[in-house]
Amino acid sequence: MITILGRDIPNHLDELTIEQFEVITELSNNKELDAVDKHLQIFASLGIPESEFHDVDVADFIEFTNAFNTIPEVDYPTISQIELAGYSYTAELKMTVRDTKLIEKIAIAKPKGYISDVLAVFFKSDDLTPAEHYAEAHLKLKAKLIKELKANIAIPYLLFITNKLIKQVDKAEDVPTQEVE
Amino acid sequence: MYLPKKWSNISVEQFIEISQIDKDQGANGYNSELISIVTDMTYEEVDELDLDEMVQMVNDMKWSNTQPSKQYKHELLGMKIKPLSKLCLFEYIDLDYYFNDNYHTNIDKICAILYRQTKVNEWGEVVLEPYDYDIHIRAEKFLDLPITDVYGIVSEFLKFRENFLDVYKNLFGEAEEDLTAEDKAAMEPEEIKEVEAEVKNNKWSWERMIYGLTDGDITKTEAVGALPLTYVFNMLGMKKELDI
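Those protein sequences? They're chains A and B, same order as listed.
The working numbering puts the last residue of the first sequence at 1074; the count rises by one with no breaks.
The working numbering puts the last residue of the second sequence at 246; the count rises by one with no breaks.
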């Protein structure tokens, strides 16, 4: 947590909720916003209204943003079990083709706020059949509940997907373009 | 599990199915359908594979990112390919339709038009069967053949059509596309009417041409359709030049 203008706001991944992390990620990736607007909106999303910064000196504002962005490098352990609304869900760092297709579909159709949807694919309940697990309504509800969890849970899974995709792209390179029999 | 090693291991039917895969669904969605089509695995079985397994399979099938060979067999299933220079009007119209629609997914029907049964006539000459059979029934015969037996006819016909359109370019107007709301906003009402009439003409261009050739007598349509393509267009060219 850091204190800005007398308010405590979360800035570490084990303090931010996944919902807050999704908003920050979206704002950070918004190329239409300059650095000042990005941070004003990020702070607003965490509970400090933009109007409170109107009289803040630029040098102080830069200090706030630097403090907010100073995050220690932490190796977040993989959390493989979570509890949501009294039900237990487990996940593995493993993706089937079906999981991947679904995650790909989420990334294409939902460019923002998709982290909770991705985690909803990973975390499965032993009590559910595959059809029940992959049912749209079930995934949607689970994603909504996951938004309340802390963002550090998401990191190992996001890194896992990123590494898989990089590996996939690497393998797809050097594809010949000439005709073959 | 059997994994094809080259295009010649892929049948025409599989090639059509591959061509129908939705490419907008993302790479993994595309690849999983591809694997299911070329192996004997169901979609569900592919879905259960670990991603790494599928990536490895796709990697072993890099040939699928290329085009099949542009060769083709001149004789297949006891039939011979009809030389493109000898196409009749109706054959060309149908080929033009299937190519414009999608020459990959229609390749079986394109084969059905071009590969023909033959017989020796009373003069000892080899003659091709007339174009009066059901294309869809004939097309089914080609589905089990390797795609490499026939794929080359695609580029052959495209080349032929390009040359044909060039030779008779004075008979083919520029194709007008449907006007968008934006186009219309930037145009005068008279201009809009003109373009819309042209679009309508293009839509019915073949029918309009046949109607003109038969002088409006639709009972002559079959006879005109069976005329050699080049003869028909030479006549049209002459009519246009002499304004008759």
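Read the hints as simulated data drawn from the structure, not as lab findings.
Just so you know, not all the hints are guaranteed correct.
Claimed, not checked - Below, computed lysine-lysine pairings styled on DSSO-like, alpha-carbon distance capped at 30 Å: (1) A:K1017 <-> A:K924; (2) A:K987 <-> B:K195; (3) B:K195 <-> B:K161; (4) A:K1057 <-> B:K64; (5) A:K1057 <-> B:K25; (6) B:K25 <-> A:K1017; (7) B:K25 <-> B:K161; (8) A:K1043 <-> A:K1033; (9) B:K64 <-> A:K1060; (10) A:K1060 <-> B:K241; (11) A:K1017 <-> A:K1040; (12) A:K1033 <-> B:K25; (13) A:K1057 <-> B:K241.
Going down the list of hints, with the structure as the test:
For a cut-off of 30 Å, the pair hint linking A:K1017 to A:K924 is broken: about 35 Å separates their Cα positions. Simply put, A:K987 and B:K195 have alpha-carbon atoms about 61 Å apart, too far for the 30 Å limit, and the pair is violated. The suggested pairing of B:K195 with B:K161 is violated, with an alpha-carbon distance near 35 Å, which exceeds 30 Å. About 19 Å separates the Cα atoms of A:K1057 and B:K64, which keeps this hinted pair within 30 Å; it holds.
The hinted pair formed by A:K1057 and B:K25 meets the criterion: a straight-line CA distance of about 21 Å does not exceed 30 Å. Restraint check for B:K25 and A:K1017: satisfied, since their Cα atoms lie roughly 29 Å apart, inside the 30 Å limit. Between the alpha carbons of B:K25 and B:K161 the distance comes to roughly 27 Å, so the proposed pair stays at or under 30 Å and holds. Restraint check for A:K1043 and A:K1033: satisfied, since their Cα atoms lie roughly 18 Å apart, inside the 30 Å limit.
Between B:K64 and A:K1060 the alpha-carbon distance is near 16 Å, which keeps this suggested pair within the 30 Å criterion. Taking the CA atoms of A:K1060 and B:K241, the gap is about 64 Å. The hint is violated against a cut of 30 Å. The straight-line distance between the Cα atoms of A:K1017 and A:K1040 is roughly 16 Å, inside the 30 Å bound, and the hint therefore holds. For the proposed pair A:K1033 and B:K25, the alpha carbon gap of about 26 Å is at most 30 Å, so the pair holds.
Distance restraint check for A:K1057 and B:K241: the Cα-Cα separation of roughly 66 Å exceeds the 30 Å cut-off, and the hinted pair is therefore not satisfied.
In summary, the structure is inconsistent with hints 1, 2, 3, 10, 13 from the numbered list given earlier, while agreeing with the others.
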